[in-house]
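Hey, can you work out the whole structure from these sequences and the hints?
Residue numbers for the sequence shown follow numbering that gives the first Met the number 0, beginning at 0 and rising by one.
No lab work stands behind these hints, which were simulated from the structure alone. All values reported here derive from a predicted model rather than from experimental measurement. All C-beta atoms in this analysis are idealised placements derived from N, C-alpha and C, irrespective of residue type, glycine included. Do not take every clue at face value.
Label-pair restraints from in silico Cβ distances [as the list claims (entries may be wrong)]: (1) Arg-204 to Arg-377: 13 to 21 Å; (2) Arg-138 to Asp-173: 22 to 30 Å; (3) Glu-133 to Ser-258: 20 to 28 Å; (4) Asp-364 to Asp-173: 27 to 35 Å; (5) Pro-363 to Leu-255: 40 to 48 Å; (6) Ser-258 to Glu-150: 19 to 27 Å.
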Amino acid sequence: MSTMQGDKPPMQAEDRHRAIIELVAERGTVTVRDLADALGVAAVTIRVDVRELARRGLVGRVHGGATRVLSPGTQREGAGASTAGRGAVNGSGLPAVVAGTMGAEHPAYTLGVVVPHASYYYPTVVSGARAAAEALGARLVLGVSQNNLGEERAQVARLLESGVDGLILATQQDPQHSPETQEWLRSIPVPVVLAERRAGREAGRVEHVASDHEQGAFEAVQHLAGLGHRSIGLLAFATITAPRLRTGYEAALSALGLSQPPEGIPTELRDDSHQEIERVADVVTEAVRSGDLDALIVHHDVAALPLVSRLRQNGIRVPEDLAVMAYDDELAALCDPPLTAVAPPRAEVGTNAVILLVERLKDPDRPVHQVLLRPRLRVRGSAGETLASAAP
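Right, here's the structure in full:
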């Protein structure tokens, strides 16, 4: 129970800081919960205070609390280790300058992560984040929102109440097109890094790491055009990613002097049901037979595989009659035939999100970083690469 009287005004930051320093000096190590109870304020507020006091060198940080600052003579062994060779890459695959930043002289951080799904795309993002966190001595706590806005906000509130130092979020809404989401992000009292989302102009000091999907779609069209295809379609689910793919796709067509396929050829998938895949495949089949379509980019793999199967049933051969590229590369290699695909750097998004967040926690005044990573092209032959190389 709080030791503060309910009718007293809330403590100002300077008074809280002084009280925290005194309690830490008296007890040696104090948990965030004990400090919150002693001062009568929220644990989230204490976390922010401890982080600021640690930045100023007035207290040390340990997981879940604060401790006395060690004098130079009592630093743990190895705290002054040489930083030579920081340009090298260590066994974790992270640059040594990064992997070495959370050594004995730095406390561990607890980072909350909230993603929309646990079964597609985001497991690889989380895997990359976990690898970076382990190398940096940080701890991850994962929440899954099931792409539900209310659940997302509840997960974040739970993580904040548990005392996380920072958050990595893949929001249900696109912050760049949702003023409400930007306002909510600004209100979060700990540093935030978005993963596979981009902070809007009104999102304050929120940082992001995302795949450059515009560039990925541009290069997909460029690849297909280089193989001689001239009527290239884009088929995508209605996701946050889809408008970015459409932007890159249309930019590539314009740059290459190509036109979009005729109206009537599907550009959006309503869902991944058997009926929807069958409907789209039948329209695509007619477009191929009439000469209106010779290549198709499909976002994402969940639709690409059954679509190719249905096209085969309709007598459409891939790549002889229709070049098909997948966008995401989660399952594309398992298709028959294996699909050439654009592969967003999912693991690297997670890795870099953790690195950004830890660096922000260490240096709150550093410039805001907003990073785009280019996807990779995985060539497997479904776009006609083998046919092109065999041509006289």
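Quick rundown of the hints versus the structure:
Distance hint check: the CB atoms of Arg-204 and Arg-377 are about 36 Å apart, inconsistent with the given range 13 to 21 Å. In this structure the supplied range 22 to 30 Å holds for Arg-138 paired with Asp-173, their Cβ-Cβ distance being about 29 Å. Take Glu-133 and Ser-258: their Cβ atoms lie about 50 Å apart, and the range 20 to 28 Å is violated. At roughly 28 Å, the beta-carbon separation of Asp-364 and Asp-173 lies within the given 27 to 35 Å, and the hint holds.
Range check, Pro-363 to Leu-255: about 45 Å between beta-carbon atoms, so the 40 to 48 Å window is met. Take Ser-258 and Glu-150: their Cβ atoms lie about 43 Å apart, and the range 19 to 27 Å is violated.
Violation of the numbered hints given earlier is confined to hints 1, 3 and 6; the remaining hints are satisfied by the structure.
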